[in-house]
Each structure stands twice: as C-alpha cells, then as structure tokens.
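Enquirer: Heads up: the sequence lines are chains A and B, in that order. Under numbering that gives the first Met the number 0, the first residue of the first sequence carries the number 0, and numbering increases by one thereafter. Under numbering that gives the first Met the number 0, the first residue of the second sequence carries the number 0, and numbering increases by one thereafter.
The set of hints was computed from the structure by calculation and includes no laboratory data. Worth double-checking, as some hints may not be accurate.
[As the list claims (entries may be wrong)] Below are the DSBU-like pairs computed for lysine-lysine, each with C-alpha atoms no more than 30 Å apart in a straight line:
no.	chain 1	residue 1	chain 2	residue 2
1	B	K307	A	K8
2	B	K113	A	K28
3	B	K195	A	K379
4	B	K311	B	K159
5	B	K195	A	K306
6	B	K195	A	K4
7	A	K249	A	K165
8	B	K311	A	K4
9	A	K4	A	K101
10	A	K8	B	K195
11	B	K217	A	K28
12	B	K147	B	K113
13	B	K307	A	K28
14	B	K147	A	K354
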Amino acid sequence: MTVFKDYKKEIMGAAHDERLRLALSRAIKSFRSNINDALKKFPHTIKLAEEVRGIKEKAIGEMEKLSQQACEAIEANKGKAYIAGTPEEALSIIAGLVGRQKLIVKGKSMTSEEIGLREHLEKQGNEVYETDLGEFIIQQMASKPMHILSPAIHVPREDVARLFTKVLGQEFSSDAEIATLVSAARDFLRDKFFRADVGISGANVVAAETGTLFIIENEGNIRLTTGAPPVHIALVGMEKLVSTLNDAYKVSEVTWRYANYTVPSYVSLVSGPSKTGDIEKVTTYGAHGPKEFHVIFLDGGRTELAKHTLLRQALYCLRCGGCLYECPVFAVTAGHFGDKYFTGIGAVWAAIISKDIEKAASLAYTCLTCGRCKERCPVKIDVPEMVIELRRLIADDERPK
Amino acid sequence: MSNELIPPGLTYLAGNIASRQNILGASKGHSARWAKSLDLPRRAETIFFAGCGYQFSSQLENLMSLILQMDKSIIGTEMPIRFAIFQKKLGVDLPGVYSKILAKDNDAEAQPLKAAVKILRSCGVEFGYLAEDEPCCGAPLYHAGLHKDFSRNARQAYDKLKSLGVKRVISIVPACTHTLLRLFPSYVNNFDLEIKPFLEIVSENISSRKLRFPGEAKVTYHDPCQLARYLRLIDEPRQILRLIKGLELVETEWTRGELATCCGGGGGFEAVFPELSHILAVNRARELAETGADIIVTHCPGCIMQLKQGLKAAKASNIEVLDLTQIIAMSLEG
C-alpha cells in the first residue's frame, strides 16, 4: 500500500499545480483544433486507420518472425542488427557499441526512456544530449517526460525562459518569445551534432522486408542525429515491426495524422549505413552519413504481452499521443498519472513490461474507464476493457508474468 | 475481496453490495420509499429497475462530501477503510442517519425517478416496480475487478428477477443498464431477459406527445460516459430535447457526444480519489457553464451529483443541473 500512498500524494500534488494545468490546457486546446483540421483535410485517414488496426493485429502476432526477418535485411544492407530479450541486454549491447568518454546526441525515444538508456550511458562516462526540444528541456530540468510526444507538455513558456537563463548562460525574460527560446536551443546544440561520436534514435515503424526504419519528426534533430555522427544506433521495441514497406508507410501516415499533423516536416527512412559507388562503381561504406548502423530490437516482455487476449492491444499503440489529450485525469496531472508510459494504457505497460504490479494497480485504479481515449485512438484500443481486465488479474492475484 | 492492491474505497462499496444488495449498505426499506405514493404494482412482467444511484443520491452526496473533507485533510488511503470499519462496528445504517440529519429535502432524490414513472405512464407503458425485492446489478464489483463476486451476484440477481416472473426490464441508471444489457449475458447462462434502456423507450414513444417547457431556457446536455460511449445513446437525448418547445440546445465546442468529458465520477473513482474526482467535476461543470446554458441536462445520478458539486465549487449560481426525466416531466405538464 505504500506505493499507492506515495503515488496518490504525487498525483494530488500535480493536481494542485496551477502551472501544470495552465500548460496542459493550452496544449489540449491547440491539439483539438489541429487534429480536427488535419482530419478534415485528409478524411481518408479514418478508413486508413481501420486498415492499420488490421496491420498491427497481424504484426503483433508474428513479432518474433518479423524481427528475425528485419535483422536479416539489415545485415544484408551491411548494418548490424540485434535482438535483446531484456532491457539489461539492450543496455549492454549499446554500452558495448558506444564505449566510454564519448559525445552522444540522442533523438527522442520512449523505448530508451523505458530502459533508462541515457542515464546508463552517462554512468559509463559519456556526455549525452537530448536533441528533441521538449526532451532537451526535460533533461536540463532533470525531470521526466510527461507526454510521449511532447515530453515537456507540462512546462509553460515562462518556466522554459527561466530554465534557459540558468542553463544556457544567457538572459531570457519571462515574456520571451517562443521563437527566441527555440533558437537558443538550436544554437546550443548545433555543434554537438557535428562533434558527436554516436547518434542514437528510436523508430516509429520498421518494415521487416527491407529492414527500413521510419522516423517521423518536425524539428530536424533526427535528420542531424542519424546523419551527422559516424555511428547511428537505433533502439526499437519489437512491437514497431510490420511486414512490408507499404504497411509501414500506412502506419506512419496514421501516426502523424493522429498526432495532429497534416504532414510532418520530415520522415526519415533508414535501412543501412551510408555508402557510395561513385568511384569505379565500387561500393564503399561511410560516405556523408554514418559508416556504422546498428539496430537493437527489444523484446522486454512484449512477446509475453502479445499472448494475452485482451492486454495485447497495448502493443497496437502507435504512440501518436492523441489519447493523452482526451484523458480528464491527465489534463490535471500530466505524466504523473503514469509509469514509463502514461494513463490507463500505461498501467498495462507497468504490469507487463516494467513488471511493477503495485504501480500498475495504482494506475489501473486511477483510470476513470470513461473511454474517451478509445474514441480518439486511431486503432481503437479499448483501454477501459484492458484496465478492468488488469484489475481482475490484480484482484484474483493472477499476476501477469 | 482481501487483495491489498485494491484501493479500500472500492472494497467498501463491494462489501456493501455483498451484505445489503446496494452500494451504500443502507437498508432496503429506506430506498424504496420514493415509490410509496405511486401505486406501482409489485409484480409485473415488465418492471422499472430504479438502481442504486438515484435512490441513494442525497445520501451519496452527503457521504461523498464527508469523504471529500476527510480526503483533503489526510491524503492517504486509510480513510475509506476506517469509515467502513466504523460503519460495520456500529452496525447502523450510517448513510441513512446522515441523510436524516443532513438532507434538507428528503424527497429530492426521488424527483428523477418519480418523473421517469410519470413519463412511462404517459407513453402508455405498463410496468411494475419490485421495491425492496429489486436486486443490485453489482456494477461496482465488475469495475473493481472483483469478477468472481460480480459473477455470483449476477446469477443471484438474474435468478431473483426470473423467480419474480420478470420478462422485461426498463433500466434507467446508465451503469445498471450497461451491466444488465451487456455484461449479464456473458456471466449468466441462458440469459433470457429483455433489457431496455429507459431512454430508448422514451425516444420511441415521445414524438407523438406535445411537449412544452414551462418558460424559455437554454439547455446544454452532458453525456454520461456509459450512455454515450458504452451504449451509444447520443442522439436520443438530443432529439428529445429538440422536441420540447421553449428549450434551446446549446452545446460545448469539442466535448460532446462520444468526446464528452467524464464528470470525474466513473467506476468507483470518486471513492478512491475523492479530491481528484472533485477537481474533475469542477472542470467539467466549467466547460458546460461556458455554453451559457441556464440548465445542464444529463441522465445519470452520478453525473448529477458530480456536476452539482462542481458548479457549487465553481461558484456558478445561475445555472442548475436537472435530469432529462425531470425536464420531460415538466414539459408534459406545460
């Protein structure tokens, strides 16, 4: 019960935080207006989302086969691919590749949050920079992400100005323009991309047939992270795999549309290290992009979760983040209503992926089971159904493995 | 029900269902009093299923505000369990006592139910009411994850209804309706009862009636989660409101229908996180008040309780909350 008690204290603290509520109410308002516009402009997305549900259902059933297939494809492209059974294995593979005393630039990745990658690499004596603006803010605040796509969603602009004054060695007034703050982060990170020894990213979707990572972004930090340093390492949860390039494209489009974008500024498709055949048609690896390309597919409980009839829906999640804007509890507590992942669906991840049943119970009983998340979800994940099933497992003491 | 990971607020409600066949652990005689003067037959093939929510609304309101006060003063988890032990030790109908002391209008809870009876009669539906014999649907057991208890309760409740000769149930509380309509058939073998949402009966029969609201009013409609998202009854209440002369329906911009914001009182949440639940109620009350409506209409005892308290805390005094049944009943008279 002490986990629940501490947790309740934490979310109640958040619920009384006026700054947090201000930031969230601004974000929710603009999300609603953006997504309505995006769906109105591209109404085919709704049908496409139904198709994507089918693609995900099928892919989750054959995750192991698809990861084998993707590994073979990546190796054929002269990259290196690994399947990590556990977070520890993933950490040790990546730490081995990186070494010590290196400069690392990182794109935002929930999977790396899940296994504590940044902290692990820092402990090994490396200098790691988060390059997604929201994640950069969170790293500088020594806080944790509060939304899967907009990690600093709970921080209003005035607080960012105060933070940047402290960490960037430059004065920003509390009414500084957002553009000024963005540009300051750009200046600070600029040379890090080009000095970095390693760039680390996640991926939104992976096409198993070609081993191609689809990475969706707007800031351009992913292009630099995966393009400028000599080594690119990608950490990907196995649930991101689909069979074909065509499937992967469909999943990507639905993901960004439901993440409230008509179209993102960039989608990077990465299948192997950079190469050139321009001199005598001899293929040489390591041109302008990275010479080394490593992909680590993480199981970490996912294949176990896929066996559960109801709870496996959690693996269909595209991480568009739309549901979070619909959750009435999230609107006043942000990611405090969460573990590694947030809200009701976060309870399932806490139970099966983090194997933290007390935290999972706390989250499961914080869900209103109101079901508005399901209405927003492109793949119609039935969160109330999963949460009630999780409560049943908890009540019956059938702790999910 | 002993698992230490289930929040005590929920085991408290669950315990009451097991011992007294209602969520409050109140005595049944007290609950059926609302129907005393209505001369409803105690046995009939079609029955009106009143559920716990409306019958106990004033007691629940008092109980919840008491729990809320305690939750604010000690952020912890012991409170509801202490409360439960206290109630058990005294062996009294504590909420009943509170309601006698605190409820200004003892009859208030009966209004939506009395209105519902009047509407059904006006629609020409013949029905009875089981009063003290009405079983509890056990919805909170299901939502708490206590499915073994839920399953046992569902079979008992079903057997009771069958043994009393019931063939058709008109259910009014959204949580009961969802439970009887969607959950019972998967928990009870050879389930053979017709479950009809009150709202459906009304929308099928009301259009021929002349409906005139006494006066002019702007109304907004709050969709209860279980009606809108679990049972997809979204257009029906709106069609009914549009039929009533004198009413203008004004709606929130984003948060209506399937995307309506929960009042914060779902699935026993209010018993586990009373203070957070109150914050959510205030948020929803504000969203609805921003429409400029004079009346917030909804159709769920939980939502009514939450929104009333939300409006009070938001200091919105020129707007009130009424059940759809009350609006219809008032308009039948007009």
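Enquirer: Now look at each hint and say whether the structure bears it out.
Expert: Now the hints, each set against the structure:
1. K307/B with K8/A: holds (26 Å)
2. K113/B with K28/A: Judged against 30 Å, a Cα distance of about 40 Å means the pair is violated.
3. K195/B with K379/A: holds (27 Å)
4. K311/B with K159/B: violated (41 Å)
5. K195/B with K306/A: Distance ~37 Å between K195/B and K306/A Cα, so the pair is violated.
6. K195/B with K4/A: violated (42 Å)
7. K249/A with K165/A: Given pair K249/A, K165/A is violated - Cα atoms ~43 Å apart, limit 30 Å.
8. K311/B with K4/A: holds (29 Å)
9. K4/A with K101/A: Violated, at roughly 41 Å.
10. K8/A with K195/B: violated (42 Å)
11. K217/B with K28/A: holds (25 Å)
12. K147/B with K113/B: Violated, at roughly 34 Å.
13. K307/B with K28/A: The hint holds at about 25 Å.
14. K147/B with K354/A: Holds: K147/B and K354/A sit about 24 Å apart, inside 30 Å.
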